[in-house]
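Chains as they are written, first to last, in this note's numbering: chain F, 1 to 188; chain P, 1 to 399.
Among the clues, some could well be false.
Claimed, not checked - Chain P stretches covered by chain F per the calculated footprint, using a threshold of three residues with CB under 8 Å from any CB of chain F:
no. : region
1   : 198 to 204
2   : 244 to 254
3   : 272 to 284
To be verified - Computed footprint of chain P on chain F; a stretch qualifies when at least three of its residues, placed anywhere within it, have a C-beta under 8 Å from a C-beta of chain P:
no. : region
4   : 54 to 65
5   : 110 to 117
6   : 132 to 141
What the hints assert, rightly or not - The following label-pair restraints were derived from C-beta to C-beta distances:
no. : chain 1 : residue 1 : chain 2 : residue 2 : range
7   : P       : Leu218    : F       : Thr28     : 33 to 41 Å
8   : P       : Gly385    : F       : Gly10     : 32 to 40 Å
9   : F       : Ala131    : P       : Gly385    : 29 to 37 Å
10  : F       : Gln133    : P       : Ser58     : 31 to 39 Å
Simulated from the structure, these hints should not be mistaken for lab results. Think of the CB as a built atom: it goes at the ideal place given N, C-alpha and C, for glycine as much as any other residue.
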Amino acid sequence: MIELRFHGRGGQGAVVASKTLAQAAFRTGRYVQSYPDYGVERRGAPVVAFARIAEEGDDTFVRQDIREPDHLLILDATLLATAAPLAGLRPGGWVVVNSPDPPDRLGIDSIFRVATVDASRIALDHGLGSAAQPVVNTAILGAFVRATGIVTLEDLLAAIEHEVPVKGAENRAAAQEAYDHVVLGVAV
Amino acid sequence: MPERLLLTGNHAAAYGAMLSRAEVISAYPITPQTMIVELLSELTASGKLDATFITVESEHSAMAACVGASAAGSRTYTATSGQGLALMHEMLHWAVGARLPVVLTNVSRAMAPGWSIWSDQTDILSQRDIGWMMLFAESVQEAQDFVIWSYKVAEQVYLPAMVGMDAFILSHTAEPLIVHDQSAVDAYLPKFQPIYDLDPAEPRAYGGLVNRDHYFELRYKIFEAMERAGRLLVEAGEEFGETLGRRYTPLEEYLLDDADYVIVSAGALTSNVRQAVREARRNGIKVGLLRLVAFRPFPFAAMRRVLAGRKKVAVLDRNMGPGHSGIFAAEIRSAMYGMPDAPPIFGYVVGLGGRDVRVDTVADVLYDLITREEPELALFVGVKGLAIGPVRTHLEVRR
């Protein structure tokens, strides 16, 4: 069972990102769960969402909080300073961050694998969101899929078409561009 | 062909109402149920569901509208949660007394104050003695299917039914759902055709004063109808399997054949119990799971048959009745009364207000069950600063 945690801010699309990645794996016949950590949602406030993706031959089935995720997706790099998004992350896990900086500049412990992509710039280039609040979820997913290979890019693009209600072509293009340009801190 | 989709429990419940061809829907939004009525409102507005959607100013009015629509012969649906269900209380009685098979999805949410929107079954169990059938879903699939199963039985016995689903753990979790073929559901659930309906062409009096000569008989008939519902739930659950490919039963047994220890649970936390039971089995512990799918009608005979002669039984309650114990534990103790080989019942209260009940939590309960000598009414699991330990009161029960 692969367990994922998404950190973003209200309006960036973290919850949709979790559902979209789950949809990409679901399309290949795997059991998945996607759920948000609901509190009281406000635009700009920290938001957390989760996904579970079954691996072949694994019949574990649980409904509990994900406390030790295998990988993280960070939709807003400022969250690295304010919250504790790395809490519980398993050693060797990927931290995929929306940042223009190279992975080794983020000060993340080397027991984790770090990838960065300038998802805000990519989102804006594709007309997704505003300069104050780019909608970065599809770009971060493109980068994540390239880093982890948990699903294929083709399955991700099909899932975006299914799950993302507006600007389908632009969102798919953003995911593709992030997939092509993500900077991986270690060789895959 | 049935369709496989990735949907939340809330949307699955709305699909259940749509597949059942609900004709009138009236509801008032409340977190965490709102997505159900939002989707049903969209489906009726777009014409995908041929129903009348009645917006109202409160849950009390929502149930009043459901009562009127059902009395007029319509298949009627609503959804609510927590405080909303509490506000409906008076009208819930009306649906039973008027013998109206309304179906309601309750997304179980902790009662306020302190304000909480998270999972807790005390809301639905506070409506225990009204005469509504009560089913508890464990999965997104069941959130859909139990609506259909409920109508099938409710309309034969003229009693309403509510389907409980855990806040967020099911309501907001997307997981794979098989959306049944409409024609297959139509074959399973024919159009609702009540014996009597409100019809100006054929006027009758409804809801009038019943004097001391008649009320008692009306109540007896409700009791008798609920007993019949118990048998029909079994039949309709089997027919669900034949027609729609998933067999349902009021009481689910899992790895119980040789089990010395039994853990009883209801709702979404059962998934973690099942996982814990499998892990304990790998360590050679003879433990099984008994899932309470139907709480009303209570599966009395089956419960006695399954639990007779077991070494120890743990009941997990995501609810409680202050001054007594977890509500399921209380009911199961009562069901075992007078049986010569009744097992000791250990009551464990878990997960109130959505506190995480993990596979490890269930493993802790199992360890406590095996090592504890005497049963306790209510052992609280996971309260900060409190180990699982006896909460001793003057109400203590001992074997």
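Tell me the hint numbers this structure goes against, listed in increasing order.
Per hint list: 1, 2, 5, 6, 7, 9 violated.
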